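Novice: In case you want the letters, here they are:
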Amino acid sequence: MANNIKNKKILSGSPRITKISFLGRVSATLHQHVQQFFNSFSDLWKTPFATLMTVLVLGLALSLPSVFHLMYKNAERIAGQWDGASEISLFLKKDISEKQIQVLINKLAIYPDIESVTYISRHQALQEFKELSLFSTALDYLDENPLPAVLVVVPVKSAMTAAGSKLLAGKLKRLEKQGIDLVRVDLDWIEKLQAIVVLLVDIVIGIAVLLLLSVLLIVSNTIRLNILNQREEIEVLKLVGATNRFIQLPYLYIGAWYGLLGGGIAWVLTLVMVTWLHSGIMSLMGLYQLQFEIALLNFQEVVTLLAIATALGFIASYISVKQYLVKIEPK
Amino acid sequence: MILFEEVSKIYDGKHAALKQVDFHLKQGEMAFLTGHSGSGKSTLLKLISLMERPTTGRIVLNGNDISHIKGDNIAYLRRHIGMIFQDHRLLMHRSVLENVGLPLLIEGYSRYEIKRRSLAALEKVGLTGKENYAPIHLSGGEQQRVGIARAIINQPPLLLADEPTGNLDPKLSLEILNLFESLNEFGMSVLIATHDLGLIAKMRYRTLTLKDGNMINDGLMRERNGE
Chain S
923 MANNIKNKKI LSGSPRITKI SFLGRVSATL HQHVQQFFNS FSDLWKTPFA TLMTVLVLGL
983 ALSLPSVFHL MYKNAERIAG QWDGASEISL FLKKDISEKQ IQVLINKLAI YPDIESVTYI
1043 SRHQALQEFK ELSLFSTALD YLDENPLPAV LVVVPVKSAM TAAGSKLLAG KLKRLEKQGI
1103 DLVRVDLDWI EKLQAIVVLL VDIVIGIAVL LLLSVLLIVS NTIRLNILNQ REEIEVLKLV
1163 GATNRFIQLP YLYIGAWYGL LGGGIAWVLT LVMVTWLHSG IMSLMGLYQL QFEIALLNFQ
1223 EVVTLLAIAT ALGFIASYIS VKQYLVKIEP K
Chain H
1275 MILFEEVSKI YDGKHAALKQ VDFHLKQGEM AFLTGHSGSG KSTLLKLISL MERPTTGRIV
1335 LNGNDISHIK GDNIAYLRRH IGMIFQDHRL LMHRSVLENV GLPLLIEGYS RYEIKRRSLA
1395 ALEKVGLTGK ENYAPIHLSG GEQQRVGIAR AIINQPPLLL ADEPTGNLDP KLSLEILNLF
1455 ESLNEFGMSV LIATHDLGLI AKMRYRTLTL KDGNMINDGL MRERNGE
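Top to bottom, those sequences are chains S and H. Per the working numbering: the first sequence = residues 923 to 1253. Per the working numbering: the second sequence = residues 1275 to 1501.
Keep in mind the hints are simulated off the structure, nothing from the lab. Note that the coordinates shown come from a computational prediction; the quantities given were computed from them, not determined experimentally. We put the CB at the ideal spot given by N, CA and C, even for glycine.
With a straight-line cut-off of 30 Å between C-alpha atoms, the simulated BS3-like cross-links for lysine-lysine are:
id, chain 1, residue 1, chain 2, residue 2
1, H, Lys1300, S, Lys1253
2, S, Lys1088, S, Lys995
3, S, Lys1244, H, Lys1344
Which chain S residues face chain H? A few, computed with CB under 7 Å, are given here:
id, residue
4, Ala950
5, Phe1168
6, Pro1252
Produce the entire structure from the sequences given, and follow the hints as far as they go.
Specialist: Structure follows, in structure tokens:
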């Protein structure tokens, strides 16, 4: 028997008769990645209904944070517009003379947080009121002009916030002895709007986190089912020498594809929802006499949405792969 | 090539599938592993192919202790072993060509090289023209030969076969064994687990006999039978 062995041509310890060079291996690995990337996409459509359902659910889950983001973005723009219009009206006493008014204007001009002061005389105020209201004829019957003169104070840009305007109004109230009857700055609605925006941000963040978690769970569960369905194939691959890295690659790509496609659907759904809400929002803005164009997702935001969705799909898939694939061993 | 030193395998802490087994299969040697069902043949093959780990003892493959090998090293080591299974372990939704080319795909060979060598391996096992079939449309014998083609495609130094002729008729069984013999002629070490004593008797090769997990005989079947 020993002679029998001796006479044979003995193979070397290595199984490879043709050795592959380092460059050959790198090129083969890259080729494998490209191939797996596209193969995983076509693998998705072997079960089109299941894939479509998964992608639609992901799209729905991702579209809500995306729509909320748009709502926040637009609400912030509206608040910005209104915030910029935070003028302070100083209603002057009726018995104040023109000279005193000029002194007051000069005094206000010294304030560093005041950008400009516009004087509206009692006569101008009455004329404006007549033009804007429907009572022009009725006003002619009045014995005297009931309207006071007004100084419209516009704060400097840095003070053009709810807090800044409030602070300035406080300072101006101290000038009551110099002919100011009433200081009026309508801050309530700005503060309310800002509080709503802050609350909206908190709600958006909370819901977005929950929905993104649901995306992780959906993709992770889908990949888990894929792995369990292909258990036999995974066992065979391991038996013929495949590493975990080689086996997990298609699953990671499939997860990323799910995310990317879900992100794409979320983008489309966001556009559909904004288009649907457009006329309602514009009517509402009209009631507040605001010139407003709804801002959509810009290019950078769309890329961010797709990148986040793809990354989520990849991460969810990675979690599943680490959890289930590595545990499958051939028996 | 393979060295077993007092190897035992105990399942669930009570069932001893192998008990203190010692043997040495030299490089380029061909041997049969026989014994009744449950004697420990499959466990021994699983230990070599790292599907199981020994409870005690040492297994050396090609000079390397593989008793405690871990991670990707298991995969790399399996690339040095051709494995043939009684149930073929083929991927039924892939073509014969894809099944045979799997070990080369894993090793990163080009598509052209995989196809060229897969066709050559299929020719060697007599399945030319069946490369585009799905394994499910082949007979049991043909499926077995697809499994053999897959096991030998990267020309491993060691070939393990678990009941390779279990589902085949005597003529086909002999053909398969002749194929193993020719592979062995080229220096491949071959270990075949079978309980077909008639087949073993027809060929003059070393036979390892297991009974209840013990190696009870190591020698030529004919010598043992006093022929």
